[in-house]
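2 protein chains.
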Amino acid sequence: MKKFINSVDTVLTESLDGFAAAHADILVLGDEHKFIRRRALKPGKVALISGGGSGHEPLHGGFVGHGMLDAACPGQVFTSPTPDQMLAAVEAVDTGAGCLFIVKNYEGDVMNFDMAAEMADGVLQVVTNDDVAVENSSYTTGRRGVAGTLVVEKIVGAAADQGMALPDLKALGDRVNAATRSMGVALTSGTVPAAGKPTFEIGDGEMEFGVGIHGEPGRRRDKLKSADAIAEEVCAAIAGDFGDRAKGPALLFVNGFGGTPSMELYLMYNSARRVFEKQGVTVVRSLVGSYVTSLDMAGCSITLTMLDDETSALWDAPVHTAALRWGM
Amino acid sequence: MKKFINSVDTVLTESLDGFAAAHADILVLGDEHKFIRRRALKPGKVALISGGGSGHEPLHGGFVGHGMLDAACPGQVFTSPTPDQMLAAVEAVDTGAGCLFIVKNYEGDVMNFDMAAEMADGVLQVVTNDDVAVENSSYTTGRRGVAGTLVVEKIVGAAADQGMALPDLKALGDRVNAATRSMGVALTSGTVPAAGKPTFEIGDGEMEFGVGIHGEPGRRRDKLKSADAIAEEVCAAIAGDFGDRAKGPALLFVNGFGGTPSMELYLMYNSARRVFEKQGVTVVRSLVGSYVTSLDMAGCSITLTMLDDETSALWDAPVHTAALRWGM
Chain A
1 MKKFINSVDT VLTESLDGFA AAHADILVLG DEHKFIRRRA LKPGKVALIS
51 GGGSGHEPLH GGFVGHGMLD AACPGQVFTS PTPDQMLAAV EAVDTGAGCL
101 FIVKNYEGDV MNFDMAAEMA DGVLQVVTND DVAVENSSYT TGRRGVAGTL
151 VVEKIVGAAA DQGMALPDLK ALGDRVNAAT RSMGVALTSG TVPAAGKPTF
201 EIGDGEMEFG VGIHGEPGRR RDKLKSADAI AEEVCAAIAG DFGDRAKGPA
251 LLFVNGFGGT PSMELYLMYN SARRVFEKQG VTVVRSLVGS YVTSLDMAGC
301 SITLTMLDDE TSALWDAPVH TAALRWGM
Chain B
1001 MKKFINSVDT VLTESLDGFA AAHADILVLG DEHKFIRRRA LKPGKVALIS
1051 GGGSGHEPLH GGFVGHGMLD AACPGQVFTS PTPDQMLAAV EAVDTGAGCL
1101 FIVKNYEGDV MNFDMAAEMA DGVLQVVTND DVAVENSSYT TGRRGVAGTL
1151 VVEKIVGAAA DQGMALPDLK ALGDRVNAAT RSMGVALTSG TVPAAGKPTF
1201 EIGDGEMEFG VGIHGEPGRR RDKLKSADAI AEEVCAAIAG DFGDRAKGPA
1251 LLFVNGFGGT PSMELYLMYN SARRVFEKQG VTVVRSLVGS YVTSLDMAGC
1301 SITLTMLDDE TSALWDAPVH TAALRWGM
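If you read the protein sequences in the order shown, they are chains A and B.
For the first sequence, the working numbering begins at 1 and goes up steadily by one.
For the second sequence, the working numbering begins at 1001 and goes up steadily by one.
Worth double-checking, as some hints may not be accurate.
[Claimed, not checked] Below, simulated PhoX-like cross-link-like pairs (lysine-lysine); rule was C-alpha separation at most 20 Å, straight line:
1) A/Lys170 to A/Lys42
2) A/Lys2 to B/Lys1223
3) B/Lys1225 to A/Lys225
4) B/Lys1002 to A/Lys225
5) B/Lys1247 to B/Lys1278
6) A/Lys2 to A/Lys197
7) B/Lys1003 to A/Lys223
8) B/Lys1170 to B/Lys1042
9) A/Lys278 to A/Lys247
10) B/Lys1045 to B/Lys1170
11) A/Lys197 to A/Lys45
12) B/Lys1278 to B/Lys1003
13) A/Lys2 to B/Lys1002
14) B/Lys1278 to A/Lys2
15) A/Lys197 to B/Lys1223
16) A/Lys3 to A/Lys223
17) A/Lys197 to B/Lys1225
18) B/Lys1170 to B/Lys1002
19) A/Lys3 to B/Lys1223
20) B/Lys1225 to A/Lys3
[Claimed, not checked] Which residues of chain B face chain A? A partial, calculated answer using Cβ under 10 Å:
21) Ala1021
22) Gly1248
23) Pro1249
24) Asn1270
25) Cys1300
[As the list claims (entries may be wrong)] On the chain B side, residues computed to face chain A include the following (Cβ under 7 Å):
26) Ser1015
27) Glu1057
28) Asp1228
Rather than coming from a laboratory, the hints here were simulated on the basis of the structure.
The C-beta atom is built at its ideal place from N, Cα and C for all residues, glycine as well.
Could you build all of it, start to finish, from the sequences and the hints given here?
As C-alpha cells, then:
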C-alpha cells in the first residue's frame, strides 16, 4: 500500500484535522470528529445534513458551507457514521426550522440516519439512488447513491439558503434525485488503508463497467475500451433509463474516482457530451473533477441531471464550500 | 497503460476540446489548439501569458480567466510549446499595454518563450524556479519551476487586473518567485500516453524524494516513509533554503500530482503545517488540491510562499478560472 499516512488508525482524524485547519474560514470540526459544520449558521434556515463513510472526499465535508450543507458526518473509511454523530450534528446546526438529511442509498447509512431521524424532532430525509448500473449491490437494496448526490446537495442547499420550508426541500430533493442518473467505470481498485491491499483484483487490460464507489462489482468485467466506446455505453445506460425524459437542458457531470487526472476527465467529458447531444440532450451546465471519489481508484463516473428553470437557477446560486465555490 | 483515451495522437486535442466546451463561459480555444485565451479581454490591462508541456493540468489552461492568465499555450505532453504558439497568443490577447510571459525554468520552455519574446514587441518575462530539490536536472539548468508557478500566476494576475504596469508586474513576479520554495515526492510514476509505460521504475516499498513534475529524479530513492517523516524532510529542505526568511505569515500549498486523492493531501497538509509552525512560520493562507500535476503520478509537493500585506491582498483578490475561483 502506497499512501501518505502515519497509521491506519489515525488516517481519518488526521485528514479531518488538516481539512478543518485549511478551511477554518468556512467550517469547524465537532467534538471527537463527529461532524464538520458551517462556521456561520443562518438562523431560521432549514439545516441540511449529510454524511456517510469516508474515502469519497471531498464528498461530503467539502460541500459544507454557504449555499450547500450545514453539517456532514464522516464515518470511518467506507463505514456508515453512527446515529450519535447525526444527533450531535442536528444539535449543533438546527436553528429551529428543522433538518433535512441527505443520505446515499446504502443499508448501513439508511439504517443509521433513520435511527437518528426518529430520535430527533423535525427531520425529513432524501435518499439518493442515482446509479443505474445495477438494481441491488453489496451493501445496497435498490440502486446505489453515487455522484448525483452532489447535485442534490447543491440544488437543495441553494433552495434552503433562499428560505424554502422543510417539506418543500424534501420534495425538491426527491425531484432532483429522480432527474439524475449516473454510472461509473473503474480501471484500477482503490485501497482501504485498514485493509492494506486493493479492494478487488483487476488485470492490466481490464476494466469494470458499472463499478460502485466502494469498488462494488458493476455490470461486468471487460477488456479496456476506448474513451468513446466507454462513453457510448455509459451514456446509453443513462439515457435508456431516462427514456423519453433524456431530451432538453441538462447538467453533465464527469466525476473522477481519485486516481484519474483531469486531462483524462476532460477527454471523457468531450466524448460523453458528444454522445448525449446526438440524442437530444442540450448540455447547459458542466462539472468536471474528482468530487465523489473512491480513495485512489482510477476511473470515472458520468452523471446527467435533467434541468428546468428552477433547478438551473438553484445550481447557479452562490456557493462557498471547500470543494465547490462560485458567485461569492 | 490504463487511461481514458481514444488514440495517443489525439489525447491533447480531445482533452482541450472538452475543457473549452466545459468552460465556454470563461475561455475560448485558439486556432489549431495553439492557445487557450480568456473570452472577455480587459482593454488596457497588461496581458499575462503562460504555457508549457501538457500533462500538468489544470496548470496552465485552468488558470486562464479573470484575475489570472489571459492566455496559456499547451505543448504536447511534457514538450515545450513552440514560439508560434506564444506569438499567436500575444496577437490574440495583447490590448496595447504589453505582455508578461510566466515561464517555468526548463530549457525548452525558456528557449521558445525567449524566441517569441524577441519576435514580439513589449514583452517581459518572469521565469519560475521554486523547486529546492536539485540545482540542475534533466531538461533544466538551475532549479526547476514547479507548483509555486501557480502562486506567481495568481498574485501577478491580480496585480495586472488592478492596472499595474508591465515593469512593475515583472518585478512583482520575480519577488513572489523569490519568496516561494517547493519540493515534491513521488510514490508511483506517471505514464506518458505516447510512451505507453511508466516514466520510471519504482518498487512497491519505495518513494522518490525531490521528484520533478516530469518524473525527473530528485535527491534520492528511499524506502516509503510515514507522512510525518516525509513532511519533516520536505519542510526542512524548504525552510533551510529560505534561511532566516522562513518566519512569519505564509501561504502553505499542498499539491497533488494527479494520482493521489484529497484525503491524503489534507493529511500531508496537517503534517506539513505542524512542522512549519514549530519553526516560526504562521500559515495564514492555504491551498490543498491537485493543481500542478504529472499525469497520473501518485505523490505530492509542498510549497511555501512567504507573504506580506501586498501579496496577501493580491492572493485574496477575486479570481474566476476553471480551476481557481473565489470572490466572484
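Any hints from earlier that this structure breaks? Give me their numbers in increasing order, please.
Violated hints: 3, 11, 12, 14, 16, 18, 22 and 23; rest satisfied.
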